[in-house]
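A.B. asks: Spelled out from the first residue to the last, the chains are:
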Amino acid sequence: MHGVAILGGGTAGWMAAAILARRLGSGFGAIQVIESPEIGTIGVGEATIPPIRLFNQALGIDERDFLRKTQGTIKLGIEFKDWSRLGHDYFHPFGAHGVRLEQVSLHQDWLKLRRLREEGSFEEYSLNTVAARLGRVPDWSTGDDSLSPVFAHAFQFDAGLYAEYLRGYAQARGVARLERKVVNVELRSEDGFIRALHLDDGQRLEADLFIDCSGFRGLLIEGALKTGYEDWTRWLPCDRAVAVPCESAGALTPFTRSTARSAGWQWRIPLQHRIGNGYVYCSRFISDDEAAATLLAHLDGKPLAEPRFLRFTTGRRKKFWNKNCIALGLAAGFLEPLESTSIHLIQRGLTHLLNWFPDRTFAPVVAYEFNRIAINEYERIRDFIILHYKATAREDAPLWSYCRKMAIPDTLAYKIRQFKSSGRVVKYGGDLFVTPNWLAVLMGQEIWPERYDTLVDQRDAAEMHADLRRIRAVIRRTAEAAPRHEEYIVSHGRVEAVESDDARG
Amino acid sequence: MSSTGNRPAQSGEAPADRVHSIAIVGGGAAGWLAAATLARLLRPSFCHIRLIDSQPEEAPAFSEVALPSFHRLNHLLAINEGDLLQKTRGSFKLGAQFLNWGRVGDRYFHTFGSLGAKLDAVPFHHYWIKLQRLGEGADLDAYSTATVAAKQGRFAHPVAERRSVLSLYSYGYHFHAASLAAYLREYAQAHGVTRIDRNVVDVELGGEAGFIDALMLDDGSRIRADLYVDCTGARSPLSRQALNTGYQDWSHWLPCDRMVAVPCADAGPIAAYSESSAERFGWRRRIPLQHGVDSGYVYSSRHVSDDEAAAMLLADLPGNALAEPRLLRLSTGRPTQFWNKNCVALTGSALEPLESTGLHLVQTGITRLVTLFPVGRYSPADIEEYNRLTTIEYERIRDFLILHYKSTQRCDSRFWEHCRQMEIPDTLRIKVELFRRCGRVALLDEEHFGEDSWLALFFGQNIDPQNYDPLADVLDLNEVRTALSRMRTMIQEGVDTLPTHAQYIQEHCLAEPRRLHE
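So the sequences go chain by chain: A and B.
Residue numbering for the first sequence follows our numbering, starting at 1 and increasing by one per position.
Residue numbering for the second sequence follows our numbering, starting at 1 and increasing by one per position.
The shape of chain A in the complex, shown without the other chains:
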C-alpha cells in the first residue's frame, strides 16, 4: 500500500486521519488530507453515543483534555418531547433499566405490575434517566459496582472543535494537510479504480487508497465512481435542516433534547459555552422561511449566528467501499441525527476498514464483506430511527399522518410485531441499539405489548414488588447523591476561559 488520500477535512476526514496515523506504520506511504479552505464548520453541537469513548481510547486521548478542548458536556441520553402525541415526553437513556431479576428481563415484571397500576414509571428504573432529570451526572469512576451495567454516558461537543483537535493529533503524527480543491479525478482505464486526484494548484496526487469524506455530494464515491444511492425518503421523509447556535440560559442539562414539530423535529444540544439547535424538516410540508422562524421561536437564548440551511436525501450509498474508495460520514449516506449516530457511523466505518484493511490487490470479496457488515449495521440503525416516526398517534400535521400510516421495512415490522405479542425485543446481528434502547423508545412512544412474559407469573408478587421498590430506591438515592452537571464539568474538564460570544463559522 502506497499512500492514503483522504478527501475532506470535517469530522469524518480528521477522525480517519487520526486513527490511520495511529495504526498504520510508515510502510503504507503518506496519509494526506485534502481540505477545501473556504468550507467552514458551524458550531451547532454534536451529540454522541457511548462508544465514542472507545474511539478516543484507541487514540490515547485524555477525556478531560478532550472535554476542555471541544466545549464538551456529558450526555446521559435523549429527551423526546411530543413524539407519540403532543404534550407527552419520554427519555431514552444510555444503559439498561434496573437489573435482571431471575431469568426474565426486569421490564417484564414491570409490565405485569403495570396492569395492577402499582408500578411507578418505567423511567424510575433507569439511573441515567433519573439523574438526567435532576441535572446530575453520576461519577462512574467511583460508582457502585452493582450499578455499572445500568450506567453509561457519552458527550455533546462542538464537532468543529473536535475535528480541529483530531487535526492537531494527526498532523503531529505525520499526516499532511493540503488546503486545496480537487478539480478532477483520474481513473485507471483498465479497471476504473481511482489513480490520482488533480488539485487546483496543478498538483497530481496519487494514492492506493482513497477515503471519501467530502460530505453529502460524495465527490469520489458518487462523482467519480457513480456508485448509486438508495433513497429512504419513503421512510424518513425529512430532507432539510436549519441550524443555529444560541446563548445558554438556565442549568446545563446532561442530555440532548429532541422535540417533534409539525414538519419534523428540533434538536437542542447543550455545550459548555452555548446551545446548538436545529430543525430537521420535510420540505413537502414547510417552507425554509417557516422552518427557520419555528426554530428561532424555540431557542433558550439569543441566537449567535445566522441560521444555516442544509439539504439532504435520507438513504445510503449502494456500496460504502467501491473499488479503491471508501466513503465515510455524509459521503456514505445520510441518517438524520435523531439518535446521535453520525459520528458513530464514521467510527464504525473506520473500525471495519482497519479490520478488513485492503492489500494492493483489492480483492472484491473483501469489499463485499466490508459492505455486507457496514450496510447491515446502517440498516439496523435506520430501522430504529424509523420507529420514532412510525410509532406516533399524532394527527395534527400531514407529516405525522403520513408517518403513522406508512409501510415500514420488514425487519422493523417484525420487531414491533414481536414486541406487541410478548414484550420481548428481537435481536438482529449487527444491532447497535439493543433491548434497553428499543424498550425505551417502544414504550416511550406508547407501544404496549398485549402480554407480558408468562414466566413472570412464577414469581411471588409480593417479592417482586419489594424487589422493584428496592431498585427504584437505590437508583433514586444514587442519582440524588451525584454532582450537578456543572460541578461535574468543573472537576472533569471545564474550558478555562469561556467565550460565549465566539460565534464561530
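Think of the hints as simulated: they come from the structure by calculation, not from any bench.
Careful: at least some of the hints might be erroneous.
[To be verified] Footprint (simulated), chain B over chain A, 3 or more residues, beta carbon under 8 Å: (1) 24 to 33; (2) 337 to 350; (3) 361 to 371; (4) 428 to 434; (5) 441 to 455.
[Stated by the list, open to error] The list that follows gives simulated cross-link-like pairs (lysine to any residue, SDA-like), each with its CA atoms no further than 25 Å apart: (6) K427(A) to V370(B); (7) K118(B) to R173(A); (8) K118(B) to K420(A); (9) K420(A) to R18(B); (10) K420(A) to V370(B).
[Unchecked claim] Computed, partial: chain A to chain B, Cβ under 7 Å: (11) M1; (12) H2; (13) N56; (14) Q57; (15) T294.
Yeah, the Cβ is synthetic: ideal placement off N, Cα and C, and Gly gets one too.
With the hints as your guide, set chain B onto chain A.
C.D. replies: For chain B alone, kept in the frame of chain A given last:
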C-alpha cells in the same frame, strides 16, 4: 390476540390461557437434559413436566460429548462436576484431533482455546503466516495452550488469572451416554418431572388445525399436554411423522447418514480429546471414557454397506470389543420448522457428530424454548422467532461441518471425490474465499464456532491464505519474532506444570470400574 389462536377448544378442560403442561418424548440424554432444564426453570406449580421414557427403536449411542457450553448447564442445575464425571465415567475434553482429513497422514487439533494473542490489535495468526513465509515461527499447535496440553496428555482446570496462559482455554466432556441420561433423570425427577415408562404407539391429532391432541401409550393410556417436546432423534415420530413437518435435507453436503459403534477396552492412557479419523467412506471416531473407549464409524450408506462398515470398524479397534456393535441412523438435515404447532423437535443430537454439537443443540434448543416461553397456549409469534433463531444456529453449524468434507485433498474414493467437488452454500463459499484472499475469518450472526475454531479448520486442512493482514507489517519483525517466541515458551512452561489427564481424573472424579455397555 385470542388466547388459543386457532387451537380447538378441548372438552373437559378449563379454558387455559397459557401452557400448563409439557410432555417430552424420548428418554435418552437429550430428553432428560431437556426435562432437567425445564424442571429447573419452571416451577411444578407453574407447569407440569412429564417425560415418556419410551424404548427407542434403535439402541442409543454409547457415549455423549459436551462442548464447553455445557458449563452453563452445570451452573444452571448446580451440578457438581466431579460427581457428574464420576457417575458418568466421564473425562475432560480439550478438543478433538483430526487425522487424515486434508490428506492421508495429516493431523490437526481443534481445541477449545485461543490461538496466540493479538499484537497491536492485529490477530495473532497474521504474524504467524508472515513468519511461516520466512521459514520461521514453529508449528501452529505450539501457540495453543489447549492443543499443547492435549498432545502431552495433560489436563487441569483453567485458572481465573487472566494473565496466565493457563486461563486461555476451556473444556468440554466425554460421557457414558446411559449414565448421563440416568444422572439427568435423577435430577429431573427430584425436581418434579414425572417419568412414564411406556412407549408411544400412536399420536392423535385434533381439530382442523391438526395439533397433537394426545399420545397413546402401549398400556392403553393417553397423555395430553399443552406442548410436546420430541427428543427421539432422527425418526422424530411426533414432529416429522405425526405432524408431517417438512424436512430440509442436507445430505448432498453432509453425506454421512449412519454410525456403527462399539465400546472397547483401551490399555493406553486416557486422552483429553476425542479423535476423528477420516476413512474412505466417512470417518472413525474415538471417544475416551474412564475404563474404555467408544469407537464408531460414521459413514455414507450410499457408499458402503452396513456390514462392510461394521467390519471396518471392528478390524481396527484399540482393544477388545466389549459389546455387540450398534447401528444408529443420523439426520443429515433439519426440520423446516423446529417448532411446529404444539410440538418442538430437538433433533440436534441426531445431527452428524463430527464436531460434537449434539448435546449443545439440545441445550440451546430447550433454553430457547424457555426464553420464548409461549405467552399464550398457542403463540404464533413465539414460534416464528424460535424457528428464525434456530434456523440460523443450525445453518452456521452446518457450514462448519461441511467445510471438513469440502476442504479435503483426498481422491482415494468416490466418497471423497464427491466431497471435493460438491457445491457448497454461499455463506460458506464466501467465508472460504475471504480466508484464501486475506487470511481473515468472517463471522456471521449466531455463529457458535468462533474465529479460533475456523482457523483450526482452515489451517488444519491446508487452506493457505494468499495474504496476511497488511497491518501485521506495522510491527517491527524482530519484535514479532520475540513476541511469538515468548508465547510459545510461556505456553510450554505453563503446560509443563499440569498433571496428566489420568492423574487429574484420579484425583477429582475417578469412577468405579464398570463395563461400558452396562
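A.B. asks: Given the proposed pairing of K118(B) with R173(A), does the C-alpha separation stay at or below 25 Å?
C.D. replies: Cα-Cα ~24 Å, so holds.
A.B. asks: Tell me whether the statement that chain B covers the region 361 to 371 of chain A is true, taking a Cβ distance below 8 Å and needing three residues at minimum.
C.D. replies: With 6 residues closer than 8 Å to chain B, the region 361 to 371 of chain A meets the three-residue bar; holds.
A.B. asks: Hey, K118(B) versus K420(A), does the alpha-carbon distance stay inside 25 Å?
C.D. replies: violated (43 Å)
A.B. asks: Closer than 8 Å Cβ to Cβ for three or more residues is the test here. Does the region 337 to 350 of chain A pass it with chain B?
C.D. replies: Violated - the region 337 to 350 of chain A has 0 residues with a Cβ nearer than 8 Å to chain B, which falls short of three.
A.B. asks: Would the hint linking K427(A) and V370(B) be met if the CA-CA limit is 25 Å?
C.D. replies: The given pair, whose Cα atoms are some 16 Å apart, holds under the 25 Å limit.
A.B. asks: Does T294(A) pass the interface hint, meaning its C-beta sits closer than 7 Å to a C-beta of chain B?
C.D. replies: violated (41 Å)
A.B. asks: Regarding the pair K420(A) and R18(B), is the alpha-carbon distance no greater than 25 Å?
C.D. replies: Roughly 17 Å separates the two Cα atoms, so the pair holds.
A.B. asks: Count the residues of the region 428 to 434 of chain A with a beta-carbon closer than 8 Å to any beta-carbon of chain B: does the count reach three?
C.D. replies: holds (count 3)
A.B. asks: With a cut-off of 7 Å on the beta carbons, see whether N56(A) makes it to chain B.
C.D. replies: violated (15 Å)
A.B. asks: Take the region 24 to 33 of chain A, compare each residue's beta carbon with every beta carbon of chain B, and decide whether three or more fall closer than 8 Å.
C.D. replies: Held - the region 24 to 33 of chain A has 4 residues with a Cβ nearer than 8 Å to chain B, which meets the minimum of three.
A.B. asks: Measuring from the C-beta of M1(A) to each C-beta in chain B, is the shortest one below 7 Å?
C.D. replies: OK, holds: M1(A) within 7 Å of chain B, min 6 Å.
A.B. asks: Okay, the region 441 to 455 of chain A and chain B, do three or more residues pass the C-beta test at under 8 Å?
C.D. replies: holds (count 6)
In summary, the structure is inconsistent with hints 2, 8, 12, 13, 14, 15 from the numbered list given earlier, while agreeing with the others.
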